Each structure stands twice: as structure tokens, then as C-alpha cells.
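Student: Using UniProt numbering, you'd call the opening residue of the sequence shown number 1 and step up by one each time.
To be clear, the hints were calculated from the coordinates, so they are not data collected in a lab.
Any given hint might turn out to be false.
Unchecked claim - Under the rule of at most 25 angstroms between Cα atoms (straight-line distance), these lysine-lysine pairs were calculated in the DSS-like manner:
hint	residue 1	residue 2
1	K23	K135
2	K76	K23
3	K87	K422
As the list claims (entries may be wrong) - Computed Cβ-Cβ distance ranges for the label pairs, DEER-style:
hint	residue 1	residue 2	range
4	Q53	L21	32 to 38 angstroms
5	R164	R134	38 to 44 angstroms
6	G333	L375	37 to 43 angstroms
7	G80	M133	40 to 46 angstroms
8	A408	G11	34 to 40 angstroms
9	G112	A419	30 to 36 angstroms
10	N468	A278	47 to 53 angstroms
11	A419	A278	58 to 64 angstroms
12	Q105	P247	24 to 30 angstroms
13	A58	G80	21 to 27 angstroms
14	E453	I128	35 to 41 angstroms
15	R372	G80	52 to 58 angstroms
16	H12	G238	43 to 49 angstroms
For clarity, every value in this text was computed on a predicted model and none was experimentally measured.
All C-beta atoms in this analysis are idealised placements derived from N, C-alpha and C, irrespective of residue type, glycine included.
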Amino acid sequence: MNRELVLHQLGHLYALQPERLSKQVRIEQALRSAITQQWPVGLRLPSHRVLAQALGVARQTLALAISTLLEEGLLKTAHGQGTWTSKPSITPAPPYNRPLSKRAQKVLQGPGASLIQSGAFVPGIPDIAQFPMRKWRQLYASVTVPQNALLLSYSTGGYGPLKRAIRDFLERWRNIRCDTEQIIITDGTHNGLELCAMALADVGDTVAMESPCYWGARNVFTATGMNIEMLPWHPDHGHTLPASSAPVQLAYLTGSHHYPLSVPTRLHDKQRLCDALAPAYIVEDDYEFNRNDHSNLLFDPESGHHLLVGSFSKMMFPGLRLGYLVVPRQLSGPINRLRSELFREGRMLDQAVLAQFIFDGDLDAWCRRIQRDYLGRQQVMHDQLRALPFVKRISPPSSAISLCIEFAPHINDVQLAQALLKEHLIVRPLSPVCAEHDPRSGLVMGVGMLSGETLAREAQRLRRCLENLLR
């Protein structure tokens, strides 16, 4: 690779980084992306002076960023010989002849979490750059005082104040009135779904899921040994009902906003499906929502067979890994005990900080602010993508972090996603999360990682790339 191409690629990746980050962090992330995804091992970099001049930064700032990547093993240097790309040395693992379980192999063969969790349009990641981290740190300092030593212990049943905060939040935002005893604190959505499967179903029982589905939920149910029946859902005419169905133990449905199609769900469709399947339990995943769409929920806190799964990771930041289950009153005691036996609850400090964050009104303020931002960002994306060739449907602008564009069935969305990855445009294909008899094709993308002029510029670049690929 010649020097001009190296400088061009690095400059482009540097421009993609959010301007709210420090210059050093932006350089680190740009270099990391280039080294791991674009540049070959052993590529000699231009001098620090040339790199700093090309990026418009001080040489000291560049040196600090390069020092970080030297420590990570992604760069090597020698006195008088320059700096070149590398890869961390990894001792090869000895051959392992015993295979994983059939359940584990089935999970790993299907679509799962992407190894790339940053970049333009990566879906499922909220805007972490704007999150009020200073307030979050202050709350940690306020709860970690000597008299709060009990927060270092197990959290049997969950932190009481956090349950009360969630109860009030659900009433304000979801029009759900439940008791604190019905709320179980979980380590995110996957943990809540695993708990539902362990508590309410046996190996071989059937779970009905919508097609397309959330890949993570399908993996959880596969790992717990459940038989999965996927039923296509179309926003225009509802679910495709099976001619005959075996007994269904769980029906897993998205909440008020469908993921990954990113359109509002319909209460009538869910009720019709559940009337036809008669599942023993209905689990609704309130993945994304706004304050006014609670009428799309089927969940009833007074019912004996309705459960609601929620997570704060998509509202706030992914690393939080805190969520909740709302369960029928008669199940709260047994499921709480099962959670304690299987997973040994903890993270009381995190729970205490989140509780205070909600009580102080910061979560409400953050949700209102960021949902307005997401709506504007989605409008930018919609304006750029709606005129692409072979587009059947594009999800209308909403306050969610994801949007979906559907193509004609003959378009190979997997190849599209792979081609876009080479341009550092990170999206997910739709077809791998559809049932075998559901021929839909499309791309799922997010708006959490980009904003302002960067979003407008990258949305135009995405449109141009897709126009070329679709032709």
C-alpha cells in the first residue's frame, strides 16, 4: 500500500469518529479500525510528523495514541526503523477433540452478536457519547460511602429502591400499574429470557416466535433446548398462522415497536396469534418504545400468564447490563428464588446508582432528549434511502435506535452487508433472522453512533454504495 492510500484511509476513519471524543481517542479508534480491518500485518506507517499533519493534530497527541496501540500489540516500533502494523501474539490452543454440545453448536451456527460493535450504522447500539456520564460518576461516588457497605453483598430479590423506581417508571412511560413484588431485576434481556425459559418450559417444549425475529432471543431459546416455531409477521396483514400446531408453551413477542422491522406492532395481531396458539405463557420483549405507544402492548400485569421483559441497555448504554422482568404475582416468589439459585444476584452498587438516576428524573430527561434526536436522525436516513432501487419498504422515522430497509426477495442481503463492511459501513442482513419459508430480504441499521454533519455525510455515502451494489 502506498503512503497516500494509508493517509487517505486513516483520515477517513478519523473523520468518522464522534467529535465529542478527545482527539487522542479518535486517533486510537481510527488506527485500531484500520489495522484490524483494512491494513495488512507488517505495513510500515508514515512518520509521526506526516501522520500528525494529515490528521491536523499535535505530534504529542498522536504519540500518546500510538503508545496505546503499542501496548495492545497492534503496532510495533524499533529505534530508527519506524512503526509498523502487527497483531498480538497468541499462543495457539492445543487441539480439542471433544465437540461442544448440540445446543451450543446450533447457537454458534446461526447469526449472533457481531464482532464489530462500533462504526457507522451498527444496529442495536445507543448513543453512548452523549450519555450524562458525569452525573453517573457522581452517583457512584454518593453511594459508595462506608455506611453503604451492604451494597457489596448479594442482592437477594434485587435492590428494593430500584424496584420501586422501575415500578413508577413503568407507570409513567408504559401505563403499567404493577406491584414491586412482581418486578425481578435481571442482568439484561438475555438473562431475563433465559430465566423465563428455565422457569416456565422444559427441554423440547415449543416457543413460538415472530419472523423476522430478534436473533438474541432465538439463541437463548435454542441454548435452553426449546423447539422454535417461527411464524411470519407482516405489518400489513398480521401473522401467518399455522394450519395445525403442537402445544405451545411460550409465545415470544416484541413489545410496542417491532425489532428488527422497526415498525409499530399491533395489539390486534398479537391477540389473534395468541388466541390461535393458546400458549401457556406470553413473554413480551419491550425492546424499544416511546411514551405514547403503550396501547400496542398485549401485556396485562393482572394476568396469570403474561410476562414483560425490559432492559436499560438500549435506553442508556450497553455495558450497563441491567434489566427487569414483570411477572404474575403467583410466580414472583418462585422465579425470584430460582434466579438466586441459578445466577446468585449481585451488582448492588449498579442497582443503587440506577435507582437514584431514575428517582432524580435523569432517566426521563435522557429518554425524552435522545428520542427526539433519534427521530431527527431517522428522518435523515429515510430521506437518503427511500429512493434506492428494489426497495419494497423502509421503516418510517421513529424515536428508535434502529431502522430497517426491505428489498425485493431476489436481492442477496448477506452479500450486501459483507460488501458494505469493506467500506466500514456496519449493518445486519435481515434474511438470516427470518423463517425458512419467509423470503424477506433487507438491511437493519442503527442511528446511535452518528449524528449531525457526520451522519449526513455517512448517510450519503451509504446511499451511493448501495446504489452501486444494487445496480
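Student: Each hint needs a verdict: does it hold in this structure or not?
Tutor: Checked hints:
Restraint check for K23 and K135: the C-alpha separation of about 23 angstroms stays at or below 25 angstroms, so the hint holds. Straight-line distance between C-alpha atoms of K76 and K23 comes to about 22 angstroms, which keeps the hinted pair within the 25 angstroms bound. Taken as a hint, the K87 and K422 pair is honoured in the structure, with Cα atoms around 20 angstroms apart against an allowance of 25 angstroms. Look at Q53 against L21: about 21 angstroms separates their beta carbons, and that is not inside 32 to 38 angstroms.
The given range of 38 to 44 angstroms is broken by R164 and R134, whose C-beta atoms sit roughly 25 angstroms from each other. At about 41 angstroms, the CB distance of G333 to L375 agrees with the hint of 37 to 43 angstroms. As the Cβ distance of G80 to M133 is approximately 42 angstroms, the hint placing it in 40 to 46 angstroms holds. Between A408 and G11, the C-beta spacing of about 37 angstroms keeps the proposed range 34 to 40 angstroms intact.
For G112 and A419, the hinted distance range of 30 to 36 angstroms is not satisfied, since their beta carbons lie about 21 angstroms from each other. Under the hint 47 to 53 angstroms, the C-beta atoms of N468 and A278, about 50 angstroms apart, fit the expected range. Remark: the range hint 58 to 64 angstroms for A419 to A278 is contradicted by a beta-carbon distance near 44 angstroms. Evaluation of the 24 to 30 angstroms hint for Q105 and P247 yields a pass: the beta carbon distance comes to about 27 angstroms.
Distance hint check: the CB atoms of A58 and G80 are about 23 angstroms apart, consistent with the given range 21 to 27 angstroms. For the hinted restraint 35 to 41 angstroms between E453 and I128, the CB-CB distance of approximately 19 angstroms leaves it violated. At roughly 54 angstroms, the beta-carbon separation of R372 and G80 lies within the given 52 to 58 angstroms, and the hint holds. For H12 paired with G238, a C-beta distance near 44 angstroms keeps the hint of 43 to 49 angstroms intact.
Against the hints set out earlier in the document, violations occur for numbers 4, 5, 9, 11 and 14.
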